[in-house]
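Asks: Protein chains in written order, with my numbering: chain A, 1 to 383; chain B, 1 to 382; chain C, 1 to 330.
In short, the hints are calculated from the structure, not lab data.
One or more hints might be untrue.
What the hints assert, rightly or not - As a list, the in silico DSSO-like pairs of lysine-lysine whose alpha-carbon atoms are at most 30 Å apart:
no., chain 1, residue 1, chain 2, residue 2
1, B, Lys331, C, Lys170
2, B, Lys331, B, Lys20
3, C, Lys86, B, Lys314
4, B, Lys183, B, Lys221
5, B, Lys331, A, Lys302
6, C, Lys254, C, Lys186
7, A, Lys302, B, Lys314
8, A, Lys160, A, Lys14
9, B, Lys331, C, Lys271
10, B, Lys305, B, Lys20
11, B, Lys112, B, Lys131
12, B, Lys210, B, Lys124
13, C, Lys238, A, Lys155
14, C, Lys95, B, Lys217
15, B, Lys181, B, Lys135
16, B, Lys378, B, Lys331
17, B, Lys364, B, Lys378
18, B, Lys331, C, Lys186
19, B, Lys146, B, Lys221
20, B, Lys221, A, Lys14
21, B, Lys314, C, Lys313
22, C, Lys86, A, Lys159
23, B, Lys305, C, Lys95
24, C, Lys86, B, Lys331
25, A, Lys302, B, Lys20
26, C, Lys280, C, Lys208
27, A, Lys155, C, Lys86
28, A, Lys14, A, Lys302
29, C, Lys325, A, Lys367
30, B, Lys314, C, Lys170
31, B, Lys364, B, Lys314
32, C, Lys186, A, Lys160
33, C, Lys254, B, Lys305
34, C, Lys313, A, Lys160
35, B, Lys217, B, Lys131
36, B, Lys221, C, Lys95
37, C, Lys186, C, Lys208
38, B, Lys314, B, Lys378
39, B, Lys314, C, Lys238
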Amino acid sequence: MSIPQPLGGPIWTKPFKVFAVFAAIGLTLIAIRFIYGLGAITNMSNGYPMGLWIVFDLVIGTAFACGGYALAITVYIANRWEYHDLVRPALMTSVFGYTLGGIAVLLDLGRYWNAYNIFLPWQVNPNSVMLELAVCVLLYIGVLWLEFLPTLLEKIGFKKGLHFVNHLLFVFIALGVWLPTMHQSSMGSMLIALGAKVSPLWQTDLLPLLFLLSALIMGFSVVIFEGALSAMGFWKPMETPLFIRLARIIRWVLAAFLIIRLSDLIGRGYLGLAFNGDLRGNMFLLETALFALPLYILASYKHRENRQMLFIAASSMLFAGIVLRFNAFLVGFSPRPGYVYFPAATEIMVSIGMISLEILAFLYFVKRFPVLSFGEHQTKTAQ
Amino acid sequence: MQTENTFHEALGLSRRDFLKFCAGVAATLGLPAGAAFDIAHAVTNPRRPPVIWLSAQECTGCTESLLRSQHPALDTLILDLISLDYHEALSVPSGHLAEEAKHLSMEENQGKYLLVVDGSIPTKDDGIYCKVANKTMIEHLQEGAKGAAAIVAIGSCAAWGGIPSSGPNPTDAKPVSALIKDKPIVTIPGCPPNPYNFLSTVIYFVTFGKLPELDEKGRPKFAYGRLIHENCERRPHFDAGRFASQFGDAGHRQGWCLYKLGCKGPETYANCPAILFDDAGSGSWPVGTGHPCFGCTEQGVGFTKAIHQLAEVKHVTPPATYASIYEPEGKGASPVGAALAGGVVGAAVGAGAVVLNILSRAKKQKQAEAEAKAAQQKTLQE
Amino acid sequence: MSLDRRNFLKLTGGAAVLGAAGTAEARPNKEPSPDAVGMLYDATICIGCKACMAGCKEANDMPIDSNLAEPGQPPIWDTPIDISDKTLNIIKVYKQGSAEVKDREFDGFSFIKRHCMHCVDAVCISVCPVNAMRKNPVTGVVTYHPEVCIGCRYCAFACPYNVPAYEFEKPLGQIRKCQFCDHRLKQGQLPGCVEHCPTGASLFGTRKQILEEARRRLSMRPGEEYEYPMQTVDSPHKHVATVKQYQPYIYGEKEGGGTQVMMLAAVPYDKLGLPNLPEKSAASRSETVQHTVYKGFLAPSLLLLFLLYITNKTVRREQHEEERKQLEEE
């Protein structure tokens, strides 16, 4: 087993500067939102009261950040310790992804100063999916930081604290699996209350299950994807053997998702809508194709071994998850005929700014904190 | 313009006042200001159009109203403007003399004269309930219509039946249009009709030699094209939901909308609120005085519906002010937003392609290295 | 498959726990309170005078909703295009073809009044995380409470009629919606729209009275004369009008579990923009799914225990192994 180490190197690099500019633009726009209201920089309206920020930053952002969740299940629940090296980087993206998702919600909340009410037991409505979502996501952000604590403690060399945290680590890990299971499925449940406002292509009682499975798929592929990216960015070898085995697990989740998705549609008799040739039908076909492509790629051992193919499969799955969420929340959603929504340029810039912040944090942390670990002999040569 | 001068001089009018009158008529007709000169020219033409006026089952209200027009010497003007060859109330001769004048004029002006009818035509028992000169109105009408260029049915009775035709209608009263089918008929309904609507129609006919544009009920559109409701001075109260509920209540005294008292303005076409009645100043029309319109110009409303009954609001115009069911709403893609979104997707795909490219290069490098290694081993082995 | 048999069994065991607890009963639709208030909107006697809109603005002190003003110019006229944060009640028009005759589907037109339907089993109440939407237990009026609202707008997202509207133009905005003029009902007054309606097209009564009145109207033959009450169902003030050819059912009796505002019209309701909703309320459907998974928090608790058990075992074992390795190395 290898030991994670900081990568080192300068922080203030060229990509870092570019992302810093995007982050600064985003932060400026956020200031405008708080001074002039949501309408000043977003295209949200009474018909589309939830826009890009909720769908992209929260629903998609946290699904993206499910790497930690997916790996925690693999490593700690299914007891596959060979994947342990991947946990830390995945965990870190989860920490930032979820934290920024949480911040996005705060930006989006129309009456953020009342947000404390979701923690008052006498005030909350246990029937609300939103309540469960809010509480779970907020708790999970806390849990993620606790899970990430060993990394921080190692850095500052606080041995006693590290020992204590390690002792309780299993609790955080259990919570870290438990909370996303609940809230990733709840993001699907959220749409059930919308009834006919969501197209039958996406409106089903199985939404929670579909969202949970696709979150797992996205989580796994994010691990591969990020592994490939950071191997690229820092010119370190990719942990291909690990990814090949990971890809084998994904296959089954992917197959389960597609079988459930299609049999549900056929069972409800709405599959025909997919071939209407309209935007919704085409988007559904795109979504399904993106889910099916990696299943095809990963079916053969030769492809799994091929890093390019592995990368294509991972990207495809990520896009599939993104498209599914955009479809269910925005494309498949219609308050009534005649209503339109497309995010404003400023709205998109805020989302880009948030992602830039996430990347900035990632770049900083892998260089200064013991996050990434590499194959044994490489580590030695690096030293 | 010799004739014109003498004409207005004869009327005791200055030329200026005369042209003002003509411009007023043009405005009532909804014609451009230049038309005033055409009108001035037409009404001074020495060959005045002959008019034969038949009175059937009527109250002479139409004639009385006409006589009370207060524009400069209008009574004189109407009598001099047209050649009124026969009118039972206004003709100077009477008895056989009057009948003779009528027949003479009808023969002389065959196909050119204007036939004006007021009052409804009784048709029960062969029309014996209204007789003049020992002839029924049916016979008079058919006889008069034969040589007429056009027919003007003045007043609600002639236009659509009016009071006599509303239940129980003992004489089986019918409008002119029910008996005459082969002549153009203009209807000027109202009880009484506004004299200017009649006058303007006649002057239009005299000036342009044709009838003004009519609606499907034969009413000139310039006068009956819009609901009373649309031009009503109390309309803002209607829009604001301020209704008088009883005669004399606070709302009524403040001039609020009379809809709830049964005002038929919303279903009655007439220009009453625009041109008022008999030059008596502002507010000189029923709604202006605080009484709900009772819909005298409108068949099926006036003398048919109860005074207090609520009107059916017709042709709520302008319809553009109502939001449609699926009113377009929300903010769509702006060019910058769409470009940005496209850019993000493009950047993601592009980045993926770059990564793939690097991966393939790394692979090739690795393969090359492996081959080199193998070659090296081979040479070592050798 | 990479999972060995033992781990596979563990996973399926966990799933079984989830499934076993997931047999909670489906939650039925909620029932209306016996004294629930109601409103009947009869499109066939509506004259489109918009007096109800003016009355609503006055009663609720709402601002002008101008969609005609040039940007940067002061609003000149109240011209709302939909229910919004500035307009709680709107008369919309359905037009088809030449739009000549009122209350006719083809080549005709019809008005429709849109505002909160005050659903018996309201989805906005079900989805609000902090109970900022509440139903009065007696009158059944759905009210909004800004002092606890967090502004998540899930109510607006979920409402089938797109009623709750957030004030996007304000930095400290709130949700706006028709609250049946709750403040006026408390003072014994009628809702603003009902009070201003000159024809009784908006009619106030209890939900029961409203249903009876609506059924009475449906039982009339088209062309017959009917005495339409004004303002309230039991009002002595009536006016006579001919009965039109009604659509043969009352919109709001069953839709989405029933509403307290009900509609009668001569044009099919979906043409008037009223959504075709199933009898089962969206709230009950959503809550059934949610409660099936979370009933008594049993399944989640079991899942958590199960996870704790496994992680404890795996993490501990791994940590011990590491310690052993370190010891060996030393």
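Asks: Each of the hints needs a verdict: does it hold here or not?
Replies: Now the hints, each set against the structure:
no., hint, verdict
1, Lys331/B to Lys170/C, "holds (17 Å)"
2, Lys331/B to Lys20/B, "violated (54 Å)"
3, Lys86/C to Lys314/B, "holds (29 Å)"
4, Lys183/B to Lys221/B, "holds (19 Å)"
5, Lys331/B to Lys302/A, "violated (48 Å)"
6, Lys254/C to Lys186/C, "holds (28 Å)"
7, Lys302/A to Lys314/B, "violated (77 Å)"
8, Lys160/A to Lys14/A, "violated (38 Å)"
9, Lys331/B to Lys271/C, "holds (24 Å)"
10, Lys305/B to Lys20/B, "violated (40 Å)"
11, Lys112/B to Lys131/B, "holds (26 Å)"
12, Lys210/B to Lys124/B, "violated (34 Å)"
13, Lys238/C to Lys155/A, "violated (83 Å)"
14, Lys95/C to Lys217/B, "holds (25 Å)"
15, Lys181/B to Lys135/B, "holds (21 Å)"
16, Lys378/B to Lys331/B, "violated (70 Å)"
17, Lys364/B to Lys378/B, "holds (20 Å)"
18, Lys331/B to Lys186/C, "violated (39 Å)"
19, Lys146/B to Lys221/B, "holds (26 Å)"
20, Lys221/B to Lys14/A, "violated (77 Å)"
21, Lys314/B to Lys313/C, "violated (81 Å)"
22, Lys86/C to Lys159/A, "violated (60 Å)"
23, Lys305/B to Lys95/C, "holds (28 Å)"
24, Lys86/C to Lys331/B, "holds (18 Å)"
25, Lys302/A to Lys20/B, "violated (100 Å)"
26, Lys280/C to Lys208/C, "holds (20 Å)"
27, Lys155/A to Lys86/C, "violated (55 Å)"
28, Lys14/A to Lys302/A, "violated (37 Å)"
29, Lys325/C to Lys367/A, "holds (28 Å)"
30, Lys314/B to Lys170/C, "violated (40 Å)"
31, Lys364/B to Lys314/B, "violated (81 Å)"
32, Lys186/C to Lys160/A, "violated (64 Å)"
33, Lys254/C to Lys305/B, "violated (38 Å)"
34, Lys313/C to Lys160/A, "holds (22 Å)"
35, Lys217/B to Lys131/B, "holds (27 Å)"
36, Lys221/B to Lys95/C, "holds (25 Å)"
37, Lys186/C to Lys208/C, "holds (20 Å)"
38, Lys314/B to Lys378/B, "violated (101 Å)"
39, Lys314/B to Lys238/C, "holds (21 Å)"
In summary, the numbered hints that this structure violates are 2, 5, 7, 8, 10, 12, 13, 16, 18, 20, 21, 22, 25, 27, 28, 30, 31, 32, 33, 38.
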